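Chemist: For the record, the sequence lines run as chains A and B. Add 40 to a position in the first sequence, counting from 1, and you land on the number used in our numbering. Add 34 to a position in the second sequence, counting from 1, and you land on the number used in our numbering.
Everything labelled a hint here was simulated from the structure, so no lab data went into it. Since this is a predicted model, take the numbers as computed values, not measurements.
To give an idea of the chain A side of the interface with chain B (calculated C-beta under 10 angstroms), a few residues:
id : residue
1  : 67
2  : 73
3  : 94
4  : 99
5  : 112
6  : 117
Cβ-Cβ distance ranges computed for the label pairs, FRET-style:
id : chain 1 : residue 1 : chain 2 : residue 2 : range
7  : B       : 115       : A       : 62        : 35 to 41 angstroms
8  : B       : 848       : A       : 137       : 53 to 59 angstroms
9  : B       : 452       : A       : 81        : 53 to 59 angstroms
Some residues of chain A that are not near chain B, with every Cβ distance over 10 angstroms (derived):
id : residue
10 : 59
11 : 62
12 : 142
Glycine is no exception: its CB is placed at the ideal position from the N, C-alpha and C atoms.
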Amino acid sequence: MANSRVDLLQGTLDMLILQTLNEGKKHGYAIVRHIQSVTNEVLSVEEGSLYPALHRMEGKGWIVSEWGLSENNRRAKYYQLTRSGSKQLEEQVLTWERFAEATAKVLGLSGRGS
Amino acid sequence: MMRRGKILGALRNSAPFAWLRAEEELEEEFHFHIAMRIEENLRIGMSPAAAEQDAFFRFGDQEKLRLACLEARSENFWYVAFHLLRTSLIVALGLGSTLALLFLVDRAMVQPLSAYNNPDRLVLIFGEQEVIGKEHVGVSPLDFKDWSARSTSFSDMGLYHYQQLPTGEIERPIVAMRGSEGYFRIVKPRPWIGRKFSADDFLPSASPSVLLTYDFWKDVYGGESSVLGSTIEVDGCSRTVIGVTDPDFQPYTKTDILLPFPVDFVPQNPAARGNRFAFVLAELLPGISLQQAQSELDLITADLVARYPATNNGYRWEIESLQQAYIAPLEKGFFVLLGSVASLLLIALISTTRRLIPISRQQSSHSSVEPFLTLLASLLLAGLLALPIGLYGADLLMKTFLENVGDAFTTTLDMRTVGIAAGLTLLVGVLIALLHRAEQLLHSFWLRRNRTVSFFRYARGVSVLQGGLALTITVCAGLMVGSLSNLYDADLGYQPEKLLSVRVLLPHSQYPSGSDQANYFYRAMLRVEKLPGVEMVSGSESIPLRSSRFAIPFTILDRTSRQVNEETWAEFCRVGVDYHQIMGVPLLAGRYFNEEDGGREEQVIVINRAMAEKFWPGENPVGKKVWLNHHPEERTIVGIVENVFYHGPREAPLPRIYRCYWQFPANALTLVIHTSGEVNQVELAESINQQLKQTGSGALVGSILSNADIRSEWIARLYDLVVVVCITGVLGILIAFFTFRRLMADSLWDEREGRRFLLPKFRETLWSFCGLLAVGFIGAILAMQTLDEFLFDTSSLFPLIYAFCALCTLLLFWFGGIFPARRMVLRVREK
Chain A
41 MANSRVDLLQ GTLDMLILQT LNEGKKHGYA IVRHIQSVTN EVLSVEEGSL YPALHRMEGK
101 GWIVSEWGLS ENNRRAKYYQ LTRSGSKQLE EQVLTWERFA EATAKVLGLS GRGS
Chain B
35 MMRRGKILGA LRNSAPFAWL RAEEELEEEF HFHIAMRIEE NLRIGMSPAA AEQDAFFRFG
95 DQEKLRLACL EARSENFWYV AFHLLRTSLI VALGLGSTLA LLFLVDRAMV QPLSAYNNPD
155 RLVLIFGEQE VIGKEHVGVS PLDFKDWSAR STSFSDMGLY HYQQLPTGEI ERPIVAMRGS
215 EGYFRIVKPR PWIGRKFSAD DFLPSASPSV LLTYDFWKDV YGGESSVLGS TIEVDGCSRT
275 VIGVTDPDFQ PYTKTDILLP FPVDFVPQNP AARGNRFAFV LAELLPGISL QQAQSELDLI
335 TADLVARYPA TNNGYRWEIE SLQQAYIAPL EKGFFVLLGS VASLLLIALI STTRRLIPIS
395 RQQSSHSSVE PFLTLLASLL LAGLLALPIG LYGADLLMKT FLENVGDAFT TTLDMRTVGI
455 AAGLTLLVGV LIALLHRAEQ LLHSFWLRRN RTVSFFRYAR GVSVLQGGLA LTITVCAGLM
515 VGSLSNLYDA DLGYQPEKLL SVRVLLPHSQ YPSGSDQANY FYRAMLRVEK LPGVEMVSGS
575 ESIPLRSSRF AIPFTILDRT SRQVNEETWA EFCRVGVDYH QIMGVPLLAG RYFNEEDGGR
635 EEQVIVINRA MAEKFWPGEN PVGKKVWLNH HPEERTIVGI VENVFYHGPR EAPLPRIYRC
695 YWQFPANALT LVIHTSGEVN QVELAESINQ QLKQTGSGAL VGSILSNADI RSEWIARLYD
755 LVVVVCITGV LGILIAFFTF RRLMADSLWD EREGRRFLLP KFRETLWSFC GLLAVGFIGA
815 ILAMQTLDEF LFDTSSLFPL IYAFCALCTL LLFWFGGIFP ARRMVLRVRE K
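Here chain A stands alone, though its shape is the one from the complex:
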């Protein structure tokens, strides 16, 4: 299992967080769990490193936060996507598609599996 895990590419964490929050407001732990479950825990991310990214994006206005009660009745900080965050997500997804397409072409993978 450990060998099958891959480190996140630089800059992709923001996109993953924004995409996760696109589905609704979540606290930090829920975001991590969502990424891990969707990717079958293939993406290796040090869980704490999510928080600097969240605070940075909040500073840029892509997300907002508020304190609320979690599913087990604990106080937790919830993050939510803003309009500017949605726009940013679209841009980042577009960039990623272009990047993935270009990389696939170089590797000769463009026709495989499609």
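Position chain B relative to chain A; hints supplied.
Modeler: Using the frame of chain A, we list chain B on its own:
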């Protein structure tokens, strides 16, 4: 109240403190995350300990992430500034105390020795006398002449001694050092202005000359070069000033003037051989060891004993390297300080290592504050802060350990001190980096083996060690405080209430004969006794706690078997009539001195209990006769008095002979004044001072001191040391507390419903506390052995002081760290 709350709220939201609130929120957010991960781990069947380890491991380094989050919120500037200042302060405290010791060693040992040409070949020769506790005693000029004529181990030898002398111009006795020609050949004081002594200055026919030390010249003559060629009166003799020594020339004892000592012309009077007041400085020939020189000296000594048994029996002569002599006064308390300071530095390093450079597998890519730069900035700040702490500490330590130097040595801010501070700071930086690296390696090692719990245990163990060390220092401080109190209240064998004392020194030029001196003191006592509030007046050469160690040989006349014996030595002082009554020293047999003794033909002495028990066990010595100091003149013992602890309560009283001052006057006497106790002591002291000055011109009158003043002065040196240890202890506890608090708060955080974490956490906390108490206890026991010199009657206090310090530490750690963490948990539960 409302207003105060608003102000505090506004303050917390202001830029410098906004990070405090942000940090609190981050703390809660992080802990929520870790707690959720632990719950999930438990659900999938992990054991509580494994669930916890995994959660902390997955989350990463909280310290690093906290900083990265604050930076992302643009609140990191004040956060970094605060942490930089905090860590710098912690390092500065450890660094400053260590610097103080380094400055002390440098100023008191390295620098004075560097003034000599061959410091490693220089030795001191001194006598040893069993009866006064193997203290260094002097050498007589005649013995010195014999040694220097016959010894082949030394390239040069010099004789020197210190004297307090009155001058006609200054209102205090000055410290003069007389040195032989050989002494000045070895020491070589360079002249700042004028010239040094020449061979002619040591001839008996030479015109009396004097060299001034630089500080004395500056203080008294304002650094005027016109002083050259002028004359100053020293102890009734006019001397021409021929020069001023270089500022770097600082004899071991603070000295005002240097005088030539024409030792080659000392008359060959047999009795003068017993007059041992000087010390010998000698330079070994290259290749000659201390042992070889000592063997040769022993042979010469044996020959001298055979030739002059009356004066030389019972003495031993020892050679000691000058370097060793400089270290000796430091040895007593130096290691105590070194222990506490090293512990504080260790505590500080442990605390700062993880704060400055967080342990992590990877550096945060978001943080612009590089650990290396943080470390450098922190060290620079710590070095700057440590410098004044070190300078102040060194001066304090010098006063504590080198009582004879007075303020001769002061540490100043110069290139040398800055260099030492920079060197030590660099060393501490390297230590922090090494400690950090070692912790990183340990961390990775345990991670590879999936044993993160071992690292948590290690971190907990280090914190426990920190707390234990801090507790040790605090217990030591407590014991020393208890010791101070015991010393202050100790029974010294006399009644200290309502006593005042004042030392009076008469210049030989104005009071040349014994009768002149006795006449002055007789009239002075009469005048003082008439003052309102004064009940009785007497005098003594030495009083308790201000007594120099002076012993003389004596011969018991009525027992031929012990006429001359190496143990026939006793401390000696002259006292006036009524001295013992005023001091409240009980009479055990015979009588005290009385008014008739002054005019009596028969010479009388009073002895103390220690002397009676040592030399006349089971007998009554009253009426026995002795010779004193080899003078074949009979002295009769007329009384035995109770022991008085002249050198403090820690030293058992030695045999002591009291002579009647009026039979054997001297030019210096400490007047002891018994007051009614209902007078204003300040006004009375002023009146006494006036009366003493009016009694005769030229008398140098010292400060008028009460018994409380003398006791305070006596314990003042220890007091400074106690203050240093107390501060070190409190700082140690506080530094350890901050590390312990975070550790405990982290481990208790996930205690909550289900109680699954409650028990292990409490058990771990309990073990941590037990470890802390055990380390503190063992440390305190070991420290007590080392501190023996500084403790007085504290063995019964130990359990109480240990329990008190341990309780305070536990309460601080509980209410400062664990209790708030528990409250946080409860708050979460309620919500």
